[in-house]
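Fit chain B to the supplied structure of chain A, relying on the hints for placement.
Number of protein chains: 2
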Amino acid sequence: MAKPSLSLINLIIFIIVTSSLPSLQSKPLPRFLGKLSRSSPPNSERRHQHSKPIQYETRYFPQNLDHFSFSDTPKFQQRYLVNSENWVGPQRHGPIFLYCGNEGDIVWFAENTGFVWELAPRFGAMVLFPEHRYYGESMPFGSEEEAYKNASTLSFLTAEQALADFAVLITELKRNWSAEGCPVVLFGGSYGGMLAAWMRLKYPHIAIGALASSAPILQFEDIVPTETFYDIVSNDFRRESSSCFNTIKESWDALMTIGQKQNGLLELTKTFHLCRELKKTEDLADWLESAYSYLAMVNYPYGSEFMMPLPGHPIREVCRRIDGCPDGTSTLERVFEGISVYYNYSGNADCFELEDTSDVGTDGWNWQACTEMVMPMSSSRDRSMFKTYDYNFSSFQDWCWKELNAKPRPTWITTEFGGHDIKATLKNFGSNIIFSNGLLDPWSGGSVLQNISQSIVALVTEEGAHHIDLRFSTKGDPDWLVEQRESEIKLIQGWLDEFYQEKKAAFDM
Amino acid sequence: MAKPSLSLINLIIFIIVTSSLPSLQSKPLPRFLGKLSRSSPPNSERRHQHSKPIQYETRYFPQNLDHFSFSDTPKFQQRYLVNSENWVGPQRHGPIFLYCGNEGDIVWFAENTGFVWELAPRFGAMVLFPEHRYYGESMPFGSEEEAYKNASTLSFLTAEQALADFAVLITELKRNWSAEGCPVVLFGGSYGGMLAAWMRLKYPHIAIGALASSAPILQFEDIVPTETFYDIVSNDFRRESSSCFNTIKESWDALMTIGQKQNGLLELTKTFHLCRELKKTEDLADWLESAYSYLAMVNYPYGSEFMMPLPGHPIREVCRRIDGCPDGTSTLERVFEGISVYYNYSGNADCFELEDTSDVGTDGWNWQACTEMVMPMSSSRDRSMFKTYDYNFSSFQDWCWKELNAKPRPTWITTEFGGHDIKATLKNFGSNIIFSNGLLDPWSGGSVLQNISQSIVALVTEEGAHHIDLRFSTKGDPDWLVEQRESEIKLIQGWLDEFYQEKKAAFDM
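One line per chain: the protein sequences are A and B, in this order.
When you line the first sequence up against my numbering, it's residues 29 to 537, in that order.
When you line the second sequence up against my numbering, it's residues 29 to 537, in that order.
The shape of chain A in the complex, shown without the other chains (with noise of 0.2 Å):
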């Protein structure tokens, strides 16, 4: 297996840098926590974070490239990561929890899964992480170089692969292990908690349910107001302090205004740190604006170093800088204040790399982004902090053809996946899924905040933000938190206890 090359500058540019999309409509398409992807293997110095350092195999599988096709593709190895200390064994049908890889390195995705460890000595459970094709060291074509290399070489990376990617797998790896009787229960966060629905939905008779956590899978056409994700960031600012979000929602015309002065973007690039000239001010907008959304996705009860090392309720940590600065302070140094928190909360930064856009080549959840996952995204006049825009496909449609070669199909999820009128097509079709959301994540406006039927349930707190029920516990932990996962792991145990009943009422016949 070829290992994905990572050059130290690549990962400093990870840690101390987020990245943005090429300006798009002068607006960074939102995003999960995808941009690490490709480049970002967890180092060791990102693994202390871990109170509890996790044990795991790692093996490959040989895939089909093309499970729907028969054209002659050739196999890729796809990577897998498995423990079995806890694991009862198939004659005592021992459950196997199976992580929906996403859109990353699955190292990472493992590592900042706390809960599905933690779970498995209470449940006697077999624990496996395998990763997303197209991503981490499963790679296609036998490299990154070449899986990369243009769009017909990418034109596999799809959802739908992805899913009959993970059905395969578990079907072998069950007939090996002589475990065809052992329970499959599936966990996901983000995207990979839109797999786990799906995969659940579509492969019923492989997984008995799933937790699909801040699954954004109504985030489709128009199911949900295409303002909702920029909305939602805007009043996690605004909960906060009604002056951080002016001061955020003026900084946008500030920073237009001197850009477009003579020897504004020096000006720009002096206020922000910039480790070079800036070029473009939508590059600096581009930063600010992915920090915020980041914000809003991490913003933890608790200091956590899921993307950046953050204080707890960074959101509030951000808002208490920017109007903590002296009278006179302006607009864009309060706004520097503020964005600190995000890229330099340790402090050892001297200045900032913006990404170069024109540099960025093609990275997985971009192609997605621009194929299938096409997430529609505006920002409102009035609730919004950010600068006003109109969703716009046709320049979306011209961008990724431009950057990718790639054809959008905007109305292929909600066909293949549904969306519209969920409640109606799920209330008597379908059981066993959680839909857990915070509703300070801005991908939780895209997702199912209400139950569906007695078995495909919602459970929403007002406090959470991005998947934090599936990460570690940590004695910070709020009730509403504690709650939430006594609240999954009965429903889980339901599951389990219904499978066992059925499995003994079958023998017992």
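Worth flagging that the hints you see were computed from the coordinates, not collected in a lab.
One or more of the hints may lead you astray.
Copies of the same chain look alike in the list, so a pair counts if it fits in one copy or across any two.
Listed below are the simulated EDC-like cross-link pairs for lysine to aspartate or glutamate, each with C-alpha atoms no more than 16 Å apart in a straight line [said to hold, decoys possible]:
1. K435 / D100
2. K177 / D100
3. K177 / E530
4. K451 / E526
5. K307 / E381
6. K532 / D449
7. K298 / E249
8. K430 / E173
9. K455 / E530
10. K298 / E365
11. K202 / D378
12. K298 / E381
13. K307 / E295
14. K415 / D281
15. K435 / D505
16. K531 / D449
17. K455 / E526
18. K415 / E333
19. K503 / E431
20. K289 / E208
21. K202 / E361
22. K202 / D449
What follows is chain B alone, placed relative to chain A:
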């Protein structure tokens, strides 16, 4: 749209001679009625069989060749037949009845699925018959010749792609008709029934229910015994006459013995009135075996011309002739008398053409059977009237590679669609599927014959054959058939009632 070229010879061969696969472990691969696939748009003569002519418009829809990757493949024109004369329209949420086209010309299936046409006025329903890709006129790459050129061009002929075709088509049509609120009910027989059931399971957001008639979704891997199919065919003969069963069972040895004699092939040629001298005894054996299997499928209680012009209870007639020969008639002469019911009920044929197996070329079902639709079959020593043989995947695989450059994936269908433990899987998952079967039909052995849940139900008739319930009603319909159809209508009405009630409830909220 290029239309498949049809020579008169092809048509004559089709009408007079059933076809068989190239000899495979000296056994034809059992098939549905799929040999009708490419070369048999119904000719005007055959149309006369319909008491009630059907009316429809023929339209074409541009489909993506590959729904599950974003490779740059050309679109193709999918043909579909549509009739809206009875539709009460979108404002009244008129239902849409969609027949899942199977492995053949859609016109032929439309003409042989009278039930849907008879139901439409009763339900105020739109009728849609989309054609399955790679059959009839729905040819990728512009022509049948190009579509069937090689394994690469054929590679997109899969059930998953066909289901996605249906999903995309109906979604687009509903949008065009402003009929998003109209419920879709699926129908399908045989392979089309498998597609209907799978479509309801995989696309619950697209269709509210499915009538899957004679759909052997369990005829894969080890889910049902491999002998099931030929055991049922054999039982169909034995129940008419044990001497008839015995004569056929003895005939294989007689055939081989004579075939091995000097001038034996010539003798067989004469006994069976073949137009050309027999080249291999196996070709004749295949020709006979095919006929017995098809006779079991179309063992209807009234005269039909579904495959061939046949009397009612055709197996009874075969056995009457076999048993009725004067004393001293040889086993093979008896068999010839019997088989003539199938191949020459009109009495017009002077001699019989065995299809030249060296020239059979690729047909669609061969490809599907050699890729996904791997249905293991064997013939048991005691219960079967056919030659004993075991299932041999290895030689099957070799044949597929040699003939079609196809690599079977024998565990793929159950991975993608399930099948093992179907009752446990679907007891608390899914709804609104009818599996209807007649126990005379050899495909019933691989179908669902027991209720799975309150709304995934099995309707089984003792005397029914291959999807007889989907045929036009006739004056000769026995009571059990009338009742079976009434049960189906009640269930479908129930699905629609529930849909409208929920629609109303949502509207009243």
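Hint check:
1. With identical chains, the CA atoms of K435 and D100 are at most 16 Å apart between copies only, with a shortest distance of 9 Å across copies and 23 Å within one.
2. Within a single copy, K177 and D100 get their C-alpha atoms only as close as 19 Å, which misses the 16 Å cut-off; across copies the closest is 15 Å, which meets it.
3. In this assembly of identical chains, K177 and E530 lie within 16 Å of each other by CA distance neither inside one copy nor across copies; the values are 49 Å within and 49 Å between.
4. Only between protomers do K451 and E526 lie at most 16 Å apart by alpha-carbon distance; the minimum there is 14 Å, versus 24 Å within a single protomer.
5. For the identical chains of this complex, K307 and E381 are intra-copy neighbours only, at 12 Å inside a copy versus 79 Å across copies, given an alpha-carbon limit of 16 Å.
6. In this assembly of identical chains, the alpha carbons of K532 and D449 lie at most 16 Å apart only when taken from different copies (14 Å versus 37 Å within one copy).
7. Taking identical chains as interchangeable, the C-alpha atoms of K298 and E249 are never at most 16 Å apart, the minima being 41 Å within one chain and 68 Å between chains.
8. Neither within a single protomer nor between protomers do K430 and E173 lie at most 16 Å apart by alpha-carbon distance, with minima of 20 Å and 35 Å respectively.
9. Taking identical chains as interchangeable, the C-alpha atoms of K455 and E530 lie at most 16 Å apart only when they sit on different chains, with a minimum of 10 Å there against 23 Å within one chain.
10. In this assembly of identical chains, the alpha carbons of K298 and E365 lie at most 16 Å apart only when taken from the same copy (13 Å versus 99 Å across copies).
11. Taking CA atoms no more than 16 Å apart as the test, K202 paired with D378 passes in neither setting, with 52 Å inside one copy and 58 Å between copies.
12. Taking the closest pair of Cα atoms, K298 and E381 come within 16 Å of each other only inside a single copy of the chain (13 Å); across copies the shortest separation is 89 Å, beyond that limit.
13. Taking identical chains as interchangeable, the C-alpha atoms of K307 and E295 lie at most 16 Å apart only when both belong to the same chain, with a minimum of 12 Å there against 91 Å between chains.
14. Only within a single protomer do K415 and D281 lie at most 16 Å apart by alpha-carbon distance; the minimum there is 8 Å, versus 85 Å between protomers.
15. Taking the shortest alpha-carbon separations for K435 and D505, neither the intra-copy value of 44 Å nor the inter-copy value of 53 Å comes in at or below 16 Å.
16. Proximity of K531 and D449 under a CA criterion of 16 Å is satisfied inter-copy only: 10 Å between copies versus 34 Å inside one chain copy.
17. In this assembly of identical chains, K455 and E526 lie within 16 Å of each other by CA distance solely across copies; the values are 11 Å between and 20 Å within a copy.
18. For the homomeric pair K415 and E333, neither the shortest alpha-carbon distance inside one copy (28 Å) nor that between copies (70 Å) is at most 16 Å.
19. Proximity of K503 and E431 under a CA criterion of 16 Å is satisfied in neither setting, with 46 Å inside one chain copy and 65 Å between copies.
20. Taking the shortest alpha-carbon separations for K289 and E208, neither the intra-copy value of 68 Å nor the inter-copy value of 52 Å comes in at or below 16 Å.
21. Taking CA atoms no more than 16 Å apart as the test, K202 paired with E361 passes in neither setting, with 58 Å inside one copy and 54 Å between copies.
22. When the C-alpha separation of K202 and D449 is checked against a cutoff of 16 Å, the pair qualifies only between copies, where the shortest distance is 15 Å, while the shortest distance within a copy is 35 Å.
In summary, the numbered hints that this structure violates are 3, 7, 8, 11, 15, 18, 19, 20 and 21.
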